[in-house]
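A.B. asks: So the sequence lines, in the order shown, correspond to chains L and P.
Mind the numbering: the first sequence is residues 23 to 211 in my numbering, read in order.
Mind the numbering: the second sequence is residues 23 to 211 in my numbering, read in order.
Treat the hints as calculated values from the structure; they're not laboratory data.
For clarity, every value in this text was computed on a predicted model and none was experimentally measured.
Treat the hints with caution; some may be incorrect.
No distinction is drawn between identical chains; accordingly, a pair holds when it is met within one copy or between any pair of copies.
Calculated cross-link-like contacts (lysine to any residue; reagent style SDA-like; alpha-carbon spacing at most 25 Å) [what the hints assert, rightly or not]:
#	residue 1	residue 2
1	200	50
2	36	79
3	200	154
4	200	161
5	200	167
6	200	94
7	200	211
8	200	180
9	200	175
10	200	45
11	200	83
12	200	86
13	200	157
14	36	135
15	200	53
16	200	164
17	36	97
18	200	69
19	200	155
20	36	71
21	200	156
22	200	82
23	200	163
2 protein chains.
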Amino acid sequence: MARVSIIGTGTMAKAIADVVGRSGGAVDLLGRDDAPVTGEIVVLAVPYGALADVVAQRGAQLAGKVVVDISNPVDFTTFDSLVVPADGSAAAELAEALPASRVVKAFNTNFAATLSTGTVGGQPTTVLIAGDDADAKALLAGIVTAGGLRAVDAGPLRRARELEAVGFLQLTLAAAEKVAWTAGFAVAA
Amino acid sequence: MARVSIIGTGTMAKAIADVVGRSGGAVDLLGRDDAPVTGEIVVLAVPYGALADVVAQRGAQLAGKVVVDISNPVDFTTFDSLVVPADGSAAAELAEALPASRVVKAFNTNFAATLSTGTVGGQPTTVLIAGDDADAKALLAGIVTAGGLRAVDAGPLRRARELEAVGFLQLTLAAAEKVAWTAGFAVAA
Numbered sequence: 023m024a025r026v027s028i029i030g031t032g033t034m035a036k037a038i039a040d041v042v043g044r045s046g047g048a049v050d051l052l053g054r055d056d057a058p059v060t061g062e063i064v065v066l067a068v069p070y071g072a073l074a075d076v077v078a079q080r081g082a083q084l085a086g087k088v089v090v091d092i093s094n095p096v097d098f099t100t101f102d103s104l105v106v107p108a109d110g111s112a113a114a115e116l117a118e119a120l121p122a123s124r125v126v127k128a129f130n131t132n133f134a135a136t137l138s139t140g141t142v143g144g145q146p147t148t149v150l151i152a153g154d155d156a157d158a159k160a161l162l163a164g165i166v167t168a169g170g171l172r173a174v175d176a177g178p179l180r181r182a183r184e185l186e187a188v189g190f191l192q193l194t195l196a197a198a199e200k201v202a203w204t205a206g207f208a209v210a211a
Numbered sequence: 023m024a025r026v027s028i029i030g031t032g033t034m035a036k037a038i039a040d041v042v043g044r045s046g047g048a049v050d051l052l053g054r055d056d057a058p059v060t061g062e063i064v065v066l067a068v069p070y071g072a073l074a075d076v077v078a079q080r081g082a083q084l085a086g087k088v089v090v091d092i093s094n095p096v097d098f099t100t101f102d103s104l105v106v107p108a109d110g111s112a113a114a115e116l117a118e119a120l121p122a123s124r125v126v127k128a129f130n131t132n133f134a135a136t137l138s139t140g141t142v143g144g145q146p147t148t149v150l151i152a153g154d155d156a157d158a159k160a161l162l163a164g165i166v167t168a169g170g171l172r173a174v175d176a177g178p179l180r181r182a183r184e185l186e187a188v189g190f191l192q193l194t195l196a197a198a199e200k201v202a203w204t205a206g207f208a209v210a211a
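One chain only, chain L, in its complex shape (with noise of 0.2 Å):
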């Protein structure tokens, strides 16, 4: 099983550190200024706005890695809109900024408690991957299915827009109180 880096200290890196945990992979939980990666995989479990940073410090260590991102770049000041451009994602730019790195939009449509439950409304939790690199996806998938949770490849790193779309409504509902913080978007095959 890959070696997992993940970078964030947050909750959803603490669930998806769970995941990598239940596969039996092995995993490194990283602050943003701590040592190099070692993962063939690497999370950035930071918020979108830390994107850059960790880009303008880790960048080369990077290069050749699976690179994850978990973001929804939502404009947290009036909950109504994203900060990315509309035909774009946070996922593309991380892609153009890492052009050395294989990247792939996950996680960002499971809320933390999911990941680590495992379940969502009945349902087991689907982790949604989109990207260009049909073996970094299946490298993820890999560990997601092995961690106890389903994993969909949801096409290539373009649909990031409909998964970050996704993320957005998601955080909407659960921030309105329509749905759970526990709950959310389920997958149902």
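Put chain P on the given structure of chain L with help from the hints.
C.D. replies: Below, chain P without anything else, positioned relative to chain L:
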């Protein structure tokens, strides 16, 4: 219970008619060139590409009505994008074309089968409703709920952009056989 006119005779038109029927409401299922609409709520159950014709033919009749846009404006030649501007939505276009109507977005995230059966992935089928008129949303939500489904207020009409992203993503997942046409996104509360 309000009277509902449904313009369209396809699978979605019939599935929405099922919901209205179960609610105890009266429903007229109209073809595109049929009799004038009589309902307080008018569901435009036609493909996105047919909306302009409906507006041209019936725009005057739709003044004062709650007009429900269910469309997913997918580019069906490429199945890789939407045909509306990235910062807009089909619903926003419709609202602009029908300034005297109260346009809401609904049903576009529900596959027809899940409206008829009332369940998706073991959860009650949830109709996400976006719109700027609270009374219009509440009127539709009342019918949806009385018809045995769940209704969730997804916010202002501006959120139709995200609902259309969800609908598009769900269609791509079904076309790629990642989810069944009887399944897809469920909303766990």
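A.B. asks: All hints are to be evaluated individually against the structure, with a verdict given for each.
C.D. replies: Evaluation of the provided hints:
1. 200 / 50: Answer is neither: 35 Å inside a copy and 31 Å across each miss the 25 Å cutoff.
2. 36 / 79: within (22 Å within a copy, 56 Å between copies)
3. 200 / 154: between (34 Å within a copy, 17 Å between copies)
4. 200 / 161: Result: close only across copies, 18 Å inter versus 34 Å intra.
5. 200 / 167: between (29 Å within a copy, 15 Å between copies)
6. 200 / 94: For residue 200 and residue 94, the Cα distance is within 25 Å both inside one copy (19 Å) and across copies (23 Å).
7. 200 / 211: Classified as both: same-chain Cα gap 23 Å, cross-chain 7 Å, threshold 25 Å.
8. 200 / 180: For residue 200 and residue 180, only the inter-copy Cα distance (18 Å) is at most 25 Å; the intra-copy one is 29 Å.
9. 200 / 175: between (27 Å within a copy, 8 Å between copies)
10. 200 / 45: For residue 200 and residue 45, the Cα distance is within 25 Å only across copies (22 Å; inside one copy 32 Å).
11. 200 / 83: neither (41 Å within a copy, 34 Å between copies)
12. 200 / 86: neither (41 Å within a copy, 29 Å between copies)
13. 200 / 157: Classified as between; 18 Å across copies, 37 Å inside a copy.
14. 36 / 135: Answer is within: at 10 Å inside a copy they meet the 25 Å cutoff, but 38 Å across does not.
15. 200 / 53: neither (33 Å within a copy, 36 Å between copies)
16. 200 / 164: between (32 Å within a copy, 16 Å between copies)
17. 36 / 97: For residue 36 and residue 97, the Cα distance is within 25 Å only inside one copy (24 Å; across copies 39 Å).
18. 200 / 69: within (23 Å within a copy, 29 Å between copies)
19. 200 / 155: between (36 Å within a copy, 18 Å between copies)
20. 36 / 71: within (19 Å within a copy, 46 Å between copies)
21. 200 / 156: between (35 Å within a copy, 16 Å between copies)
22. 200 / 82: neither (42 Å within a copy, 35 Å between copies)
23. 200 / 163: This pair counts as between: shortest inter-copy Cα distance 14 Å, intra-copy 30 Å.
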